[in-house]
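K.L.:
Listed below are the residues making up each chain.
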Amino acid sequence: MGVLSAILDAIYNLLMAPVVMMGLLVCIGYILGKKPPVKVITGTISTMVGIQMVIFGGNQFSNTFKPITTAVSEAFGITGYIMDPYAMRSTTTEALGDLFGLVGYVYLIAFLVNIVLVYFGKYTKAKGVLLTGNSGVAHSQAILWLVVAYLGLGSTASMIIAGILVGLYWAYSTTLAVNVCDKVTDGGGFTIGHNQQIGLWFFSKFAGKFGDPKKSDAENLNLPGWLSIFNNNVASVAILMTLFMGLYMAPLGISGIEEIGGENWILYLITLGIEFSMDMVILLTGVRMMCGELVGAFKGIQEKIVPNAVPAIDVAALLPFSPNAATLGFVFTTLGTVLAIGILYLIGSPIMVLPGFIPLFFTGGAVGVVANKYGGIKSIVICCIILAFIQTFGTVWAISLMKYPSGVGWSGMFDWATVIPGVTEILKLIGNLIH
Amino acid sequence: MKKDKINVLFVCGYGMGSSAISEVVVSKALKEINISCEVKHTALGEMSSYYNWADIIAISKKLTTGISIPEELHMIEVVNIMDGKRIAAQIKEVAEVYYPDAVGGK
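So the protein sequences, as listed, match chains C and F. Take this note's numbering: the last position of the first sequence gets the number 435, and nothing is skipped along the way. Take this note's numbering: the last position of the second sequence gets the number 106, and nothing is skipped along the way.
One or more hints might be untrue.
[Unchecked claim] No farther apart than 25 Å at their CA atoms in a straight line, the calculated lysine to any residue pairs in the SDA-like style are these:
1) Lys-299(C) x Leu-32(C)
2) Lys-40(F) x Leu-223(C)
3) Lys-61(F) x Thr-285(C)
4) Lys-61(F) x Leu-223(C)
5) Lys-5(F) x Glu-93(F)
6) Lys-39(C) x Lys-31(F)
7) Lys-61(F) x Ala-235(C)
8) Lys-66(C) x Ile-55(C)
9) Lys-39(C) x Ala-235(C)
10) Lys-61(F) x Leu-227(C)
11) Lys-299(C) x Val-97(F)
12) Lys-61(F) x Ile-270(C)
13) Lys-428(C) x Ala-149(C)
14) Lys-299(C) x Gly-84(F)
15) Lys-35(C) x Asn-7(F)
16) Lys-28(F) x Leu-32(C)
17) Lys-61(F) x Gly-225(C)
These aren't lab readings, by the way, just hints derived from the structure by calculation.
Using the sequences and the hints, build the whole thing.
P.N.:
Next up, the structure:
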C-alpha cells in the first residue's frame, strides 16, 4: 500500500506542477484539433519549454531588481516597483506558485465567457473577442492571483470566478473601444484587446476639445530621426532602464550606487540596463513559445462560432495609422510620467514606481494616435500628460492592492491602473464580508 | 536559384501581438491566391537574427524609419495589419518579380 500511495502521490504532484498541467492542456488542444502526432509532441514540448522560460525570466527579473529596491528601501523607507506588464507577470507568477498551472484553465473559461457574451450580443451588447494571447495569459494570471488573495476560496472556485471576471473584461472593454478604433483606422475592421482599450475610449470622449485635427495634424511634422531608436525594443528597454534606475538610485549617491554594484557607477548603470533588456528578451521568447499557436487557434474558433464579432487585437495595430502621433505620444507620456514621479517624491509616497517601456510606448503611443485624430498636436500633449498622471498614480493604487509586497511590480497600463484596481477594491470588500 | 517557397517574416514592436495576428490573417489570404510560403513573426529588436531565413519582411509602418535591411531582402510596409488581402497582394507583387516559382502553386 505504501508503495502504491507513494506512486499516486508522485503522479498527483507531477500533474499539479504548473508546467505539466499547462502542457497537458495544450496537448489535449492539439489532439482535439486533429494535429499529426509529431506536431502534438513538438508543439506540447515547445509550450512547456516556453512556460519554464517565463518562470525563469520572471525570477531573473526579480534577481536583477530586488537587491536594488532592498538597498533603497533600507536607506529611505521608499519601496520601488516597476510599472510594466512584464513586471506584473513576474509578480503574479511568483505569487501563484503551484497555482500557476490553473492559468490555462482561467484563460479557457474567459474565452468561453467572451464568446458566449458576443454570441448573444443582441442582448448583451458585447461585440469584441480578445485574440491577444500574450496579454490574455497575463490577465488570467493577474486576476486569478487577486481572486485567490482576496476571496481565499478553493482552487476550482477561484479559477471559475477569475475566468468569468476576465471574460467580462475582454468582452466589454474591447466593445467600448470599437468606435474609436473605427474612427482612427477609417473602418479598419478591428478593435483593441490589450491593456488600455478602456483608456482609448476614455480619451476619445474629450480629446477633440483641445484643438482642430485638420489644422495641426502630427503627420505633417518632421520628427528628428534619432527618435526611431525607441522603435527597437531591445535598445529602448536598456536605455530607459539605465535612465530610470539611475534616477531611482540617485538619492543613494555615487558611493551608495557603487556599493551595491561593486564597480564604477556609470558602468554599473549601463550593465543594469542591458541586464533588464536581456531579462525582457528571455520573457518575450518564453511567451512567444508558450502562446505561439494560441492566436491562430482562437481566431479559428472565433470565425466559426461568432463570425461577425469584431476581432480585438494588440494595440500596436493602431500605431502605423499615425506614426508621428505615436512617437509624440510616447515622448509626452514619458515626460508626464517623470513629472508624476517627481510629485510622488515630493509628497513622500512610501511606494515609488519606475516606468517600464510598455506603458510609455504602447499606451502613450496609442493615446497619442487617438488624440491626434480627434484634436491634433495640442491634444496629444494634453491627453498624454493626463494619461501619465492617471497611469502613475493609479499604479501606486494598484500596487497597494496587489497583496504581494515582495513582487517586482505591476502593469502600468491604463486599464490596470484604473478599472482593475477598482474591481480589486470590490473583491476586497467581498472578501472582508465572507470572512 | 529557383525558389518555389518564399519565407515571410512579420515584424512588430514586441513580436508577439500584432505580428502574430497579422501572420494568421495574411497566411490565409496567401493561400487563397496560391502563393506558397512559410511565415514567422518577431520583434524589431530581434529581426536581424532572421535575415538568413527571410525573403520578405512585412513591417508596421510605425517602425520603418531608420531601419536598414540587407539588399537581397524585400521590405513591405504595413498600415492595417488586419487587412490580409491587401498585404497578400503586396507580397504577390514582390513575389511575381523575384520569386516567380512561388506564385501559382503546384
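K.L.:
Hints first: check each against the structure and report whether it holds.
P.N.:
Verification of the supplied hints:
For a cut-off of 25 Å, the pair hint linking Lys-299(C) to Leu-32(C) stands: about 16 Å separates their Cα positions. Our distance criterion of 25 Å between C-alpha atoms is broken by Lys-40(F) and Leu-223(C), whose separation comes to about 31 Å. Restraint check for Lys-61(F) and Thr-285(C): satisfied, since their Cα atoms lie roughly 23 Å apart, inside the 25 Å limit. Between Lys-61(F) and Leu-223(C), the direct Cα distance comes to roughly 15 Å. Compliance with the 25 Å bound is thereby established for this hinted pair.
Under the criterion of a C-alpha separation no larger than 25 Å, the hint pairing Lys-5(F) with Glu-93(F) is consistent with the structure, at around 15 Å. About 21 Å separates the Cα atoms of Lys-39(C) and Lys-31(F), which keeps this hinted pair within 25 Å; it holds. A distance of roughly 19 Å separates the Cα atoms of Lys-61(F) and Ala-235(C); the hinted pair therefore holds under the 25 Å criterion. Under the criterion of a C-alpha separation no larger than 25 Å, the hint pairing Lys-66(C) with Ile-55(C) is consistent with the structure, at around 16 Å.
With a C-alpha separation of about 35 Å, the suggested pair Lys-39(C) and Ala-235(C) falls outside the 25 Å cut-off, and the hint is violated. Taking the CA atoms of Lys-61(F) and Leu-227(C), the gap is near 15 Å; set against the 25 Å cutoff, the hint holds. For the proposed pair Lys-299(C) and Val-97(F), the alpha carbon gap of about 32 Å is over 25 Å, so the pair is violated. A C-alpha spacing of about 30 Å is found between Lys-61(F) and Ile-270(C), which places the hinted pair above 25 Å, so the restraint is violated.
Taken as a hint, the Lys-428(C) and Ala-149(C) pair is honoured in the structure, with Cα atoms around 9 Å apart against an allowance of 25 Å. Simply put, Lys-299(C) and Gly-84(F) have alpha-carbon atoms about 13 Å apart, close enough for the 25 Å limit, and the pair holds. Of the supplied pair hints, the one linking Lys-35(C) and Asn-7(F) holds, its CA atoms being roughly 23 Å apart against a limit of 25 Å. With a C-alpha separation of about 21 Å, the suggested pairing of Lys-28(F) with Leu-32(C) holds against the 25 Å cut-off.
At roughly 15 Å between alpha-carbon atoms, Lys-61(F) and Gly-225(C) fall within 25 Å of each other, so this suggested pair holds.
This entry does not satisfy hints 2, 9, 11, 12, going by the numbered hints stated previously.
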